[in-house]
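Peer 1: As you go down the protein sequences, you meet chains A and B in turn. Read in the numbering used here, the first sequence has 151 at position 151, and its numbers run on one by one without any break. Read in the numbering used here, the second sequence has 172 at position 172, and its numbers run on one by one without any break.
Do not take every clue at face value.
Any copy, or any two copies together, can satisfy a pair, since identical chains are not distinguished.
Think about it this way: if two alpha-carbon atoms lie no more than 27 angstroms apart in a straight line, the pair counts; the simulated DSSO-like pairs of lysine-lysine are [said to hold, decoys possible]:
id : residue 1 : residue 2
1  : Lys-20    : Lys-205
2  : Lys-142   : Lys-23
3  : Lys-216   : Lys-275
4  : Lys-161   : Lys-142
5  : Lys-249   : Lys-259
6  : Lys-301   : Lys-216
7  : Lys-205   : Lys-85
8  : Lys-205   : Lys-259
Honestly, the hints are just simulated from the structure, not real lab data.
Protein chains: 2
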Amino acid sequence: MSLIVVGSVAFDAIETPFGKTDKIVGGAASYISLAASNFTGSTKLVAVVGEDFPQAFIQHLQHKGVNTEGLQIKQGEKSFFWSGKYHNDMNSRDTLATELNVLADFDPIIPESYQDCEYLMLGNLTPKVQQTVIERLRKRPKLIVMDTMNFWMEIALDDLKQTIKMVDVLTINDEEARQLSGEYSLVKAAIKIQAMGPKYLIIKKGENGALLFHGKEVFFAPALPLEEVFDPTGAGDTFAGGFIGYLAKTGDISFENMKNAIIYGSAMASFCVEKFGTERLVNLTEEEMNTRINAFRQLVKFNLASV
Amino acid sequence: MSLIVVGSVAFDAIETPFGKTDKIVGGAASYISLAASNFTGSTKLVAVVGEDFPQAFIQHLQHKGVNTEGLQIKQGEKSFFWSGKYHNDMNSRDTLATELNVLADFDPIIPESYQDCEYLMLGNLTPKVQQTVIERLRKRPKLIVMDTMNFWMEIALDDLKQTIKMVDVLTINDEEARQLSGEYSLVKAAIKIQAMGPKYLIIKKGENGALLFHGKEVFFAPALPLEEVFDPTGAGDTFAGGFIGYLAKTGDISFENMKNAIIYGSAMASFCVEKFGTERLVNLTEEEMNTRINAFRQLVKFNLASV
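Same shape as in the complex, but just chain A:
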């Protein structure tokens, strides 16, 4: 079933303890679309870039079946640019530069052919823009998943809360869940955040896995222990893309199937961090993915009889 992906398509320059890149393609919607395209042939992108953005990457997306009709290319303008440096523990980073450029006045246009989409993934963006996308869809999608970050909690909390109220699934990290709820316990935080609107909450914990909360139910998926974590940029977006891509593919939004979707999201994220940027996602084979899904199954499997 068809899926709209909204978010940044941009340039990143990344420094990790293992290396450094010049400007490479990044942005939430790049990672989400690439990950989702492994599951559904009907991914539809809404984003904006400047004339400096490489045609080759757009063609690659199209080649993976991503519809780019909703990707605006602004002549005479520059793409969004972010630059950051990871600390030695890879769990924290400093932002070195943020140039909004075309993102400063991003007005998301929904092509007519995108209407009637059943799945909507709102990648991290200004909450107002995320809200505009929902409002511009004539029919509410079957499932709306929204990603956001602490930055918006600090500068646009009211807008953020309004947007959160409109979505089904919110994905944030553990620190953001604590900040948004004012609760240290993630169980208590999940209860408070669900009361803000979303019936499902995914708390991302990076190398420590992810939790899915729904009412009193909770599911935990570990991150795969990896020999090399090369660059964590985009791991959360890739996770979200795998998650909603799998749901769109199966057309089943039950809690039980969301667990499977989280395993697929975690598998996709485990590939993402193995190379810089989107490099590892671009040429992923189905066999590699299946091998990794099996590794997840083995990782948590135990055979204690029911007591």
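Could you slot chain B onto chain A? The hints should help.
Peer 2: Chain B alone, transformed into the frame defined by chain A:
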């Protein structure tokens, strides 16, 4: 099968964001013995206390089936005392006071009735003392599990490495695994640490669960998300006690059964943190434990068909 537990039996004074205690009973071997006594009726304690230590706690251990013949009570001396204050995130703490007292020259005595034990749990202690216990057993136990901490890596690394070489399972936390191996990746750290001797490595990650490594195999057990984490003191020791207690009960030291043992250890630890000190462990029912084991099973269960 019978199990020897070595470690501190002591007093703690604890401050957390949720409250503060006067001197209460603590110490690695207190937590380990209490946890293990839920599984095996043949737990044998080796420790030392001063004459200030409450008889009531010793009687409670005996009541739970713990043999205290190897617990030395030093007249005219004081028990080991530790005092600490947890930060708001409960993941880090400051030590406010450490009074070694009887622990300063602890000479572990192994009663004749303890010889021929099949399981040995070396709680966190001076590595030399841990080694002495192994040497004083005429027959090497079937399984030796050792806990230690960063403190010994800093002040007694050579002794520590000698002792590590003699054990089957080492339990340390993620930061300690990184420190001991010089590797940031836990997968690489596990390979290096296994090369130091132990065939099994358990990496404890607190609220983020635990990893069991053995050769190329890895198992992950999450921590149960809890509404209230009241006091993390002793959680790692309780985990170790549940782990080795379950192995001693079942008599099966295969990798597959160690996975089960880790789930039981994690369940025990989840109780430990719900109240101050050993309070929650003292009156634990079998039904409470079974309910929690089922919660672990639900937490990680997903139904993706094999691919």
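Peer 1: Decide, hint by hint, whether the structure agrees.
Peer 2: Right, here's what the structure says about each hint:
1. Taking the shortest Cα distances, Lys-20 and Lys-205 sit within 27 angstroms of each other inside one copy (24 angstroms), while across copies they are farther apart (30 angstroms).
2. With identical chains, the CA atoms of Lys-142 and Lys-23 are never at most 27 angstroms apart, being 37 angstroms at best within one copy and 57 angstroms at best between copies.
3. In this homomeric assembly, Lys-216 and Lys-275 come within 27 angstroms of each other (Cα to Cα) only across copies, at 22 angstroms, whereas the closest approach inside a single copy is 37 angstroms.
4. Taking identical chains as interchangeable, the C-alpha atoms of Lys-161 and Lys-142 lie at most 27 angstroms apart only when both belong to the same chain, with a minimum of 21 angstroms there against 58 angstroms between chains.
5. For a Cα distance limit of 27 angstroms, the shortest separation of Lys-249 from Lys-259 inside one copy, 14 angstroms, qualifies, whereas the shortest one across copies, 34 angstroms, does not.
6. When the C-alpha separation of Lys-301 and Lys-216 is checked against a cutoff of 27 angstroms, the pair qualifies both within a copy, at 23 angstroms, and between copies, at 16 angstroms.
7. In this assembly of identical chains, Lys-205 and Lys-85 lie within 27 angstroms of each other by CA distance both inside one copy and across copies; the values are 20 angstroms within and 25 angstroms between.
8. In the homo-oligomer, the alpha carbons of Lys-205 and Lys-259 lie at most 27 angstroms apart both inside one protomer (16 angstroms) and across protomers (23 angstroms), since each shortest distance falls under that limit.
Hint compliance for this structure: hint 2 is the single one not met.
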